Amino acid sequence: MKLTHESIEINAGLMIVLIMLAISIGGLVEVVPLYYIPGTVEKVDGVRPYTPLEQRGRDIYVREGCYTCHSQMIRPFRDEDMRYGHYSLAAESQYDHPFQWGSKRTGPDLARVGGKYSNAWHVQHLNNPRSVVPESIMPNYPWLLKTELEYSDVAARMRALKTVGVPYSETDEEYQANVDKFGKDVADRLDINNAERNLIAQAEAGNYDGDPGRVTEMDALVAYLQVLGTMVDFSKYDEGYFAEFR
Amino acid sequence: MADQSQQKAVQTTGHAWDGDLQEFNNPLPRWWLWTFYATVVFAIVYWILYPAWPVGKGYTKGLATTTFESADGKEVTTHWNTRAEFIRDMQSGEEALKQRAYLVKVGSASYEQVLNDPDMMAFAQSMGRVLFADNCAACHGLGGTPAQIGSYPNLRDDAWLWGGSIERIEQTIRKGRLGYMPPFGKVLSEAQIDALANYVLGLSGNPVDKAKAAEGDKLFHSDQAGCYACHTNSAKGMYAQGSANLTDQVWTVADVPDATDIKDKLARVKAVIRNGIERHMPAWEGRLSDEEIKLLTVYVHSLGGGQ
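Residue numbers (the working numbering), protein chains in the order written: chain V, 582 to 827; chain R, -4 to 302.
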């Protein structure tokens, strides 16, 4: 069959295929190269996958739809730098599935919220934002403190992330690779075989929700918030270094 | 049909559907067409000037360049990209330069010089307010008054837990603070806690049970409760421990002013003695620059109670 205007227009199936081909070119040209251009993800020390507790906190962050009002992407502009801190790197989101970039900021950007406020502040603020920030329009999340964290499936969740490339370890070989890459302390926390134990240990040691006896969803979410944007030590890098990757 | 005969001049696509259903083939309005061509030209110019097409393991970097100064003072010229543009803007952008002139001036001046210079004080007031809103207001409230008594100290009054001198305010911002009072719920009996609450409330002139207050006085200065160790013998507190002055009418943890009667006041004070206090102010060194910390120190000092 010859591809003429008429033959395409009267053949719906062929037209669908050709339309899809035409409109995917733009996307393919923009997206595919990012997977093989080496500078896409900056070479930077410190970025590691989330611990089991932080990862569960991240799940809750996504479940509660925090991303609908809070972005995690500081853009390279002077005003953003002054308000939030160093602009975000692609490397800092390399273990995020899905990433939390965006520009919808009904609330402030959270890319560098880690360490900015105390655990107690986060607990009070999530429970009832207006008790600390009267002008806030954020909803209350009172159930986080009341709900015990479901963590029996944390190993399965980590395994799922492993299949999309997050280097959690299951075999000795993978563990050893993590020791080489992240050091022993971090590698221990990325071991799927000890996921539950690590999760409970971090929640008890961190006591994020102010109640050491229980592991609540609040523990997980605050643990996650407190690590956001803290992994890279920017004082170790020249300003110009990150520009080389663009 | 009449309509069709009037439109005879317009071409059709040549298709006929269901026997006689035809499509007109009207040309696009000229303004639309030229706008379309213009976007095509724009795209080509853009590809030439800016990073655009992926090629192998790299991409076409474009002819546009950005020049900034590297950390060791050398001039670096690179292909145009937002990160280099950001560095350039921070180094030589118009607004950045205006601000830097002040930051350098404040950074190299002593606190005394800043406090006595109206120009630098005006800058400290305006930039300090913005820094405070971005970093401090979430706890201490916009303008330095927290949303409620109990969580975070008010910075507008002249009662200070850790001291209100310039030096101590700067240290608080730089290093953060850990405010801790142990919980006495398991150490003392309910009657003892009651006595202590009566004593403490009596210190600021509340009508309390005199006998209980006397008993609380003894307990306060005893080694069993040991309150005096942090709050001092005079119960005026000390900055080194961040312990509150209990003799004034300023309350930072128990919301006594909001209580309806003396019974309610006692209950609120007793809850604090029972449960203790754990308050944590994060360290801002590292997150804020030295100049920013200086501006915030001056701003907080000027909120009303600077010593």
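Source of the hints: derived by calculation from the structure; they are not laboratory data. Be careful, since some hints might not be right.
Sample of chain V residues with no beta-carbon within 12 Å of chain R, all distances over it, derived [as the list claims (entries may be wrong)]: (1) Ala603; (2) Pro689; (3) Ser712; (4) Leu726; (5) Ala768.
Here are the computed distance ranges between Cβ atoms for each label pair [stated by the list, open to error]: (6) V:Gly764 x R:Glu185: 16 to 26 Å; (7) V:Lys727 x R:His216: 34 to 44 Å; (8) V:Asp814 x R:Glu70: 54 to 64 Å; (9) V:Pro723 x R:Gln108: 45 to 55 Å; (10) R:Ala262 x V:Lys727: 43 to 53 Å; (11) R:Ala117 x V:Pro723: 40 to 50 Å; (12) R:Glu70 x V:Gly764: 51 to 61 Å; (13) V:Ala737 x R:Leu28: 33 to 43 Å; (14) R:Lys213 x V:Gly764: 47 to 57 Å; (15) V:Asp769 x R:Pro252: 26 to 36 Å.
Please read all numbers here as calculations on a predicted model, not as lab measurements. Here a beta-carbon is modelled for each residue, glycine too, at the ideal position from N, C-alpha and C.
Okay, the hints, checked on the actual structure:
1. Ala603: It holds; alanine 603 (chain V) is separated from chain R by about 16 Å at its closest Cβ, greater than 12 Å.
2. Pro689: Violated, because the least Cβ-Cβ distance between proline 689 (chain V) and chain R comes to about 9 Å, which does not exceed 12 Å.
3. Ser712: violated, 6 Å
4. Leu726: Non-interface label stands for leucine 726 (chain V): nearest chain R Cβ at 16 Å, farther than 12 Å.
5. Ala768: Per Cβ check, alanine 768 (chain V) is outside 12 Å of chain R; nearest 26 Å; holds.
6. V:Gly764 x R:Glu185: 16 to 26 Å: violated, 50 Å
7. V:Lys727 x R:His216: 34 to 44 Å: holds, 42 Å
8. V:Asp814 x R:Glu70: 54 to 64 Å: violated, 27 Å
9. V:Pro723 x R:Gln108: 45 to 55 Å: The hint (45 to 55 Å, Cβ to Cβ) holds, given that proline 723 (chain V) and glutamine 108 (chain R) are roughly 50 Å apart.
10. R:Ala262 x V:Lys727: 43 to 53 Å: violated, 24 Å
11. R:Ala117 x V:Pro723: 40 to 50 Å: 44 Å Cβ-Cβ, so the 40 to 50 Å window holds.
12. R:Glu70 x V:Gly764: 51 to 61 Å: At 38 Å between Cβs, range violated.
13. V:Ala737 x R:Leu28: 33 to 43 Å: 57 Å Cβ-Cβ, so the 33 to 43 Å window is violated.
14. R:Lys213 x V:Gly764: 47 to 57 Å: Since lysine 213 (chain R) and glycine 764 (chain V) have Cβ atoms about 55 Å apart, the given range 47 to 57 Å holds.
15. V:Asp769 x R:Pro252: 26 to 36 Å: Check failed, 50 Å falls outside 26 to 36 Å.
Hints 2, 3, 6, 8, 10, 12, 13, 15, counting from the list given before, are not met by this structure.
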